[in-house]
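Student: Next come the chains, spelled out residue by residue.
Protein chains: 2
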Amino acid sequence: MAHEVVLLDFWPSMFGMRVRVALAEKGIKYEYKEEDLRNKSPLLLKMNPIHKKIPVLIHNGKPVCESLVIVQYIDEVWKDKNPFLPSDPYHKAHSRFWADFIEQKVYDTARKIWATKGEEQEVAKKEFIETFKILEGELGEKPFFGGETFGFVDIALITFYSWFYTYETFGNFSIEAECPKIIAWAKRCMQKESVANSLPDQKKIYEFTVWMKKYFGMD
Amino acid sequence: MAHEVVLLDFWPSMFGMRVRVALAEKGIKYEYKEEDLRNKSPLLLKMNPIHKKIPVLIHNGKPVCESLVIVQYIDEVWKDKNPFLPSDPYHKAHSRFWADFIEQKVYDTARKIWATKGEEQEVAKKEFIETFKILEGELGEKPFFGGETFGFVDIALITFYSWFYTYETFGNFSIEAECPKIIAWAKRCMQKESVANSLPDQKKIYEFTVWMKKYFGMD
Numbered sequence: 607m608a609h610e611v612v613l614l615d616f617w618p619s620m621f622g623m624r625v626r627v628a629l630a631e632k633g634i635k636y637e638y639k640e641e642d643l644r645n646k647s648p649l650l651l652k653m654n655p656i657h658k659k660i661p662v663l664i665h666n667g668k669p670v671c672e673s674l675v676i677v678q679y680i681d682e683v684w685k686d687k688n689p690f691l692p693s694d695p696y697h698k699a700h701s702r703f704w705a706d707f708i709e710q711k712v713y714d715t716a717r718k719i720w721a722t723k724g725e726e727q728e729v730a731k732k733e734f735i736e737t738f739k740i741l742e743g744e745l746g747e748k749p750f751f752g753g754e755t756f757g758f759v760d761i762a763l764i765t766f767y768s769w770f771y772t773y774e775t776f777g778n779f780s781i782e783a784e785c786p787k788i789i790a791w792a793k794r795c796m797q798k799e800s801v802a803n804s805l806p807d808q809k810k811i812y813e814f815t816v817w818m819k820k821y822f823g824m825d
Numbered sequence: 607m608a609h610e611v612v613l614l615d616f617w618p619s620m621f622g623m624r625v626r627v628a629l630a631e632k633g634i635k636y637e638y639k640e641e642d643l644r645n646k647s648p649l650l651l652k653m654n655p656i657h658k659k660i661p662v663l664i665h666n667g668k669p670v671c672e673s674l675v676i677v678q679y680i681d682e683v684w685k686d687k688n689p690f691l692p693s694d695p696y697h698k699a700h701s702r703f704w705a706d707f708i709e710q711k712v713y714d715t716a717r718k719i720w721a722t723k724g725e726e727q728e729v730a731k732k733e734f735i736e737t738f739k740i741l742e743g744e745l746g747e748k749p750f751f752g753g754e755t756f757g758f759v760d761i762a763l764i765t766f767y768s769w770f771y772t773y774e775t776f777g778n779f780s781i782e783a784e785c786p787k788i789i790a791w792a793k794r795c796m797q798k799e800s801v802a803n804s805l806p807d808q809k810k811i812y813e814f815t816v817w818m819k820k821y822f823g824m825d
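Sequence lines, in order, name chains A and B.
Sequential numbering of the first sequence, starting at 607, is according to the numbering used here.
Sequential numbering of the second sequence, starting at 607, is according to the numbering used here.
Derived by calculation from the structure, the hints in this document are not laboratory data.
Note that the coordinates shown come from a computational prediction; the quantities given were computed from them, not determined experimentally.
Heads up, the list lumps identical chains together, so a pair's fine if it works in one copy or across two of them.
Computed cross-link-like contacts, DSBU-like style, restricted to lysine-lysine with a CA-CA straight-line distance of at most 35 Å: (1) K809 to K819; (2) K639 to K711; (3) K668 to K787; (4) K810 to K639; (5) K646 to K687; (6) K787 to K748; (7) K748 to K668; (8) K787 to K652; (9) K731 to K668.
One chain only, chain A, in its complex shape (with noise of 0.2 Å):
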C-alpha cells in the first residue's frame, strides 16, 4: 500500500511536535504543512472542521485529528516500527492514564507560566512543579517511562520540554532543581534523532513568547 501522508502543522506547537517524533520513529516521510492560526487554509478548516486545530494527519486523503489519537493511529497503521504502546492490555492501560494525566495537568498550567503575572503565575508554578514530581514518581529509575526503550507516554511528554527554557525565563525558577530526573530523562530522549530533529530550539519558542505577548498585547 503506497502511504500519502500530509502534517498539517505549527512549528511551536507541543501537540504538532508529538505528531513529528512518531512519524520519524517510524521512519514514515510525508508533506509537511505550516498553518497560518490568525488565517487558517481551506485545507484545515475542511479536514478538522470540529475543532478547527492542528495537527491533522492526512493519510491518503484521510483526516486524524487530535494529537494522541493521531500518535495511536500511527502507531496501529506502522505497527513493525518501534512500536509506542506496549502489547498487553494492562501496560497499554497504563500508558494511556499517564499521556491522559498528561493532557489534563500540563498545557494551561505551563501556559500560565508564561501568559500570567502575581498569583496567578505563582499558583502555576507551584502546580507545574507538583505535576512533574508527580511524573518524576512515575518515571523512578526507568529510563523511559515506557520503561527500556521510548514510547506513548514519552512521545506525550517531551515535546513540552522545547518551552522549559519560556517557562523558566518568565516563571524565574529552575526546572532541574525542582525535577532533575525530568532533565535528565528529556536529554536522554534529546539523543535521539526523531526527537531531536522534531523540536525547535528552546530559545526560538522563548522569542515566539516574547513575540506573541506582544502581539496579542499580553504585557
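Given the coordinates of chain A, work out where chain B should sit on it, guided by the hints.
Tutor: Quick look at chain B alone, frame taken from chain A:
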C-alpha cells in the same frame, strides 16, 4: 485465566456507568463496591492515588483508572464478545476522536446547567445544545455512533442520558425539541439490557442533585 473483577464506583457517576455498561456488554461478573466520596475508602486511595476518583476497575488485584481507559482495557482483555472499537485503525481513530470530543465538551457544560444560574446557566444551555447538535450531525442516519452496532462512542455518551431530566428541569428546556435524533438514539440504547440495567432512573438522579445542591449550599 480466572478473572476477579471489582468495581469501585458511585451510583450517579456517568463515568462509573460507562464501566458498568462495558462490563455488562461483555457479560463479566464483578463485585460492585459503592464509594462514599465524602469519606473515600482506603482501597480507593490505594488503587487510584493520583486522582483519588472513581471509577476504578480492579482486575486480579491490579487497578485500571479513568473511565475511557477502563472501557478500552475491558475491550482488549475480553476481546471475543461485542467489540467496542472497530479493528481498522482509521475507524478506531475516528471513534477515539469522538469519545475525546465528548470528554472535552459535555461534562463541564452539562454540570453548569444544574449548578449555576442566570447568565452562566444560559451560556451553558446554549453550549450544551450546540455540542449535541454536532453529535447529532456525527450520528446522522446511523442507528449507533459505531454504525450498526453499539460501541465505544455510544458507551462514552449514553450515560449522560440518565442526567437529561436533571438538565431539562433545572435548565427549563427540552433536549428532544432541540436534538430529536439524540433522544431516538438514546431510547435505542436503552432497549439494550446492558444499558438499561446500568443507568439509574432519571428521577433519582434529579433527587440526588436537589439534595446535593442543598448539602453544598448551592442554592
